[in-house]
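The whole structure should be built from the sequences, with the hints applied where relevant.
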Amino acid sequence: MEHYDADIVILGAGGAGLRAAIAATQSAPEMRIALVSKVYPMRSHTVAAEGGSAGVIRANDSLDNHFNDTVEGGDWLCEQDVVDYFVSHCTREMIQLEHWGCPWSRQADGNVNVRKFGGMKVERTWFAADRSGFHILHTLFQTSTQFPHIKRFDEHFCVDLLVEDGRVQGAVVLSMSTGEFTAIRARAVVIATGGAGRVFRQNTNGGIVTGDGMALAYRHGVPLRDMEFVQYHPTCLPGTGILITEGCRGEGALLVNKDNYRYLQDYGLGPVTPEPRNKFMELGPRDRLSQAFWHEERKGRTVTTPQGEAVLLDLRHLGRAKLKERLPLICDLAKEFAGIDAATTAIPVRPAVHYTMGGILVDIHTATPLPGLFAAGECSSVGIHGANRLGSNSLAELLVFGRVAGEHAVAFARQAPAANADEQARAIEAKALALLQQRGGGEHHAMLRAEMGASMEKGCGIYRLGEEMQQTCNTIASLKQRYAALTLEDHSRVWNTDWITAIELGFQLDVAEAMAHSALARTESRGAHQRLDSFDKRDDVNFLTHSLAHHQDGAPRISTMPVRITRSPPGQRAYGALGEQLEASRKEAAHA
Amino acid sequence: MSESRPYLRAQPRHWWAHSPYRAYTIRELSGVALALYAAILLAGLASLARGPAAFETYRQFLASPLSLLIHLLLLAAAVWHMWTWFQILPKTMPKLVWRGRLIRQDVMSLTATVVAVVCSLLLLSLFILVGAYL
Amino acid sequence: MPEMTAPKTIELRVLRYCPSRDSAPAFGSFQVPYTDDMSVLQALQQIKATLDGSLAFRWSCRMAVCGSCGMMINGEPRLACNTFLRDLAPDAVTIEPLQNFPIERDLVVTVGDFVKKIESIYPYVMPKAPKTIEQGTYLQTPAEMEAYASFADCINCMLCYAACPQFGANPDFIGPGAMALLQRYSSDSRDGGQQARLDRIRGEDGVWSCTAVGICSEVCPKQVDPANAVNQNKSKSALDFFLSRLRKETVS
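Those protein sequences? They're chains A, B and C, same order as listed.
Okay, so the first sequence: first residue is 1 according to our numbering, each after it adds one.
Okay, so the second sequence: first residue is 1001 according to our numbering, each after it adds one.
Okay, so the third sequence: first residue is 2001 according to our numbering, each after it adds one.
Everything labelled a hint here was simulated from the structure, so no lab data went into it.
Hints are not guaranteed to be accurate.
Unchecked claim - With a straight-line cut-off of 30 Å between C-alpha atoms, the simulated DSSO-like cross-links for lysine-lysine are:
{"no.": "1", "chain 1": "C", "residue 1": "2248", "chain 2": "C", "residue 2": "2234"}
{"no.": "2", "chain 1": "A", "residue 1": "537", "chain 2": "A", "residue 2": "121"}
{"no.": "3", "chain 1": "A", "residue 1": "324", "chain 2": "A", "residue 2": "335"}
{"no.": "4", "chain 1": "C", "residue 1": "2128", "chain 2": "C", "residue 2": "2116"}
{"no.": "5", "chain 1": "C", "residue 1": "2048", "chain 2": "A", "residue 2": "431"}
{"no.": "6", "chain 1": "B", "residue 1": "1095", "chain 2": "C", "residue 2": "2131"}
{"no.": "7", "chain 1": "C", "residue 1": "2131", "chain 2": "C", "residue 2": "2236"}
{"no.": "8", "chain 1": "C", "residue 1": "2048", "chain 2": "A", "residue 2": "335"}
{"no.": "9", "chain 1": "B", "residue 1": "1095", "chain 2": "C", "residue 2": "2116"}
{"no.": "10", "chain 1": "C", "residue 1": "2048", "chain 2": "B", "residue 2": "1095"}
{"no.": "11", "chain 1": "C", "residue 1": "2128", "chain 2": "B", "residue 2": "1095"}
{"no.": "12", "chain 1": "A", "residue 1": "480", "chain 2": "C", "residue 2": "2048"}
{"no.": "13", "chain 1": "A", "residue 1": "335", "chain 2": "C", "residue 2": "2008"}
{"no.": "14", "chain 1": "A", "residue 1": "151", "chain 2": "C", "residue 2": "2236"}
Remember, predicted model here, so these are calculated numbers, not experimental data.
As structure tokens, this is what we get:
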């Protein structure tokens, strides 16, 4: 086994991991930062994000607006002090990215442009055509190459954390190209491994989004918070789940059912206005739009495609020139994957799993309860998304909290004693090798993965029922048992993706279990967790709380923790005309 | 000791004769054709230097059917050389922006080709006129 | 209700190589049931899930933006995720790892050298006029952005390297992708690092291995036009060489 001594290890080199690495090396140029990623950094799933990143910039906008939009969007399950910190740091991160070269789309005068986005009162979404995540990721990766003390471990898969003496002491990583292990010792570890959308059958996520870091922290006693809140993005291509950005709706795209009717007006998002209006209709929040689809499907008003039911995203009225300038990737995707020319034909779309609101419990400094362990990005639950995330808050989150994680990991490492967990490292290696070498005609993991995906889609879908969630919990438990008897088809060491994906499945099953049990335990409906049984209303008396899933033998233990409310007491979550009315009366009450 | 043992496949020896590189090879060979034509012109100069008898031999060769065939082939090669030259031209230019829009590469190629053809025709006309006058 | 017909199948011939077992790569054959919307990537995933779990290939986003799944499909460098079986059927599909790169396992090639090349050309803005965050963003008009926009779209998929015969002949040639990234920064109005980058592209391993074959731009899935990036730098490099001689002479 190889050894490497670092000061800080960062697991994951997507937006949050790269931002953390840059922040860490800038605040401590003498420290060795090990940046571990199971793919080359430019393949990280940040690359697929399309729409943009939020940051208050317009003169008629305010941090208060961004705060209120986010808290309401999260159905009041957000940590409001964290949201305050977040909104007040977004814009400076966008500016920093621009200084590093990010090609934000511009107005004619050369100033940065911003677009409308779902659930946002005023335009504040900075965008780079419709490939914002791609440009953010490439800017961060390319900028990171100028710092010699960031030592990258590309295509190294993290198998486990090293935890000893009650604190984290590094990680054990497996080189995918050689199959050999390296124990990286460090005094602080930042997990930035992304979400877990791949536990669902239909999702927008890349193959790598398997909840690795969530499972690692979870297994070492760190609770996973709010795991029941999984975002269904309303506009994805049927079948593949390929993402069609919310930016389309920001540019004025319409959603119609098979009767060419803008059905969102039937679901509290109307009335229809001649021009797109923020927080109305197609610019409502994602959970509401996905739920509207679910109802339309039940009513038989959706369009039938070979890949399943869909509604139509109509971009034709934008015209070819605007489509080419603002949404070039979408035009390519529609053409290649759906055979559709977006300028002449509406695109069939449907919801698919997109984002994991929940994750590793961290405080406002991105510190987990395990000393030395930090987490940032989609893998974490820092408290800004609550029960439903607003589009363009996630890319901003990577930057704001990526930086916080890097700086706080440095501060922790400065005062922590040297790391040493060699025996443990050997045990971790042995465990991984045991899976590799297991013989005896057990099941193959592809089957288990498919069953997990189908069960999660059924039980933890857009609308949920108690008995179906219970069924999913039981299925996951049985899958975990079958997992223990897995055998691989490939027993070699070089590029054994059979082995790697089997280990990933183990992570996924743990995360799926936390999701299903947390969902079952929340006997109310809020944000993205909506139930059709007797718990179909929001219950602020009993459930203005976060859920915490604790790993143990057998089913996880679910506990709760209070939500931090500072200045926005839970109100009625409303968009469209009702939302405007409520806001007007709120303003009146404030003035009175 | 790692089991890794990367294997590099050799570049096919005749890559330039196979798709998609054939067009490139023909383009490059058209440059050779131009060199051949330059050699023919040089031979003419040399004959001229050697005196009227040598030049007469040269002139007779030029008038022969074989020479006509060679010149037609070389003309085709020269035209192809010109066409492909201007197709490559935009690749050597930085991005040109005019009135906020990028100037398209096919527009650049076409403009340059048209200018070249027009200039060639003008030059040819000039020589015919001057020759007729003298 | 559509009629249930026997599923169509297509043959995939995939070049396999496992260093602990094979002395050289050899083809394996798979019969894969398919539907009209399936990509080559989905066919490979199906092989891995149902026929041979040891098949190794890189993939992630499935939507032609991460650049992982580059491979030779019927002899052409393509992304597996946006190459569709319906366009290749009914003939057998031949799948090999990217040309010109060492094969580590099956369809996985060595990418590290390419990444070193893009790291070597100062792939970041070296600002002409440094600004603090408080001073806000630089101004950059849409016209100024057009000067580098296409080069910024490169997904690092390396199809251009597979297409380039000069890279095939000289693996140290900096190559089209790295040059596209170089030009992305050098023509960014905020950047002042042009000379530093020119210092990196002299000689045969710099721009001068390029003979304007141009297939790199044809195979690029994102219309980056790397041929333009390389060839516009030839005149820059030649001028730089000439000027540097002058500079040396004036000094001495």
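*Which of the numbered hints above does this structure break?*
10, 14
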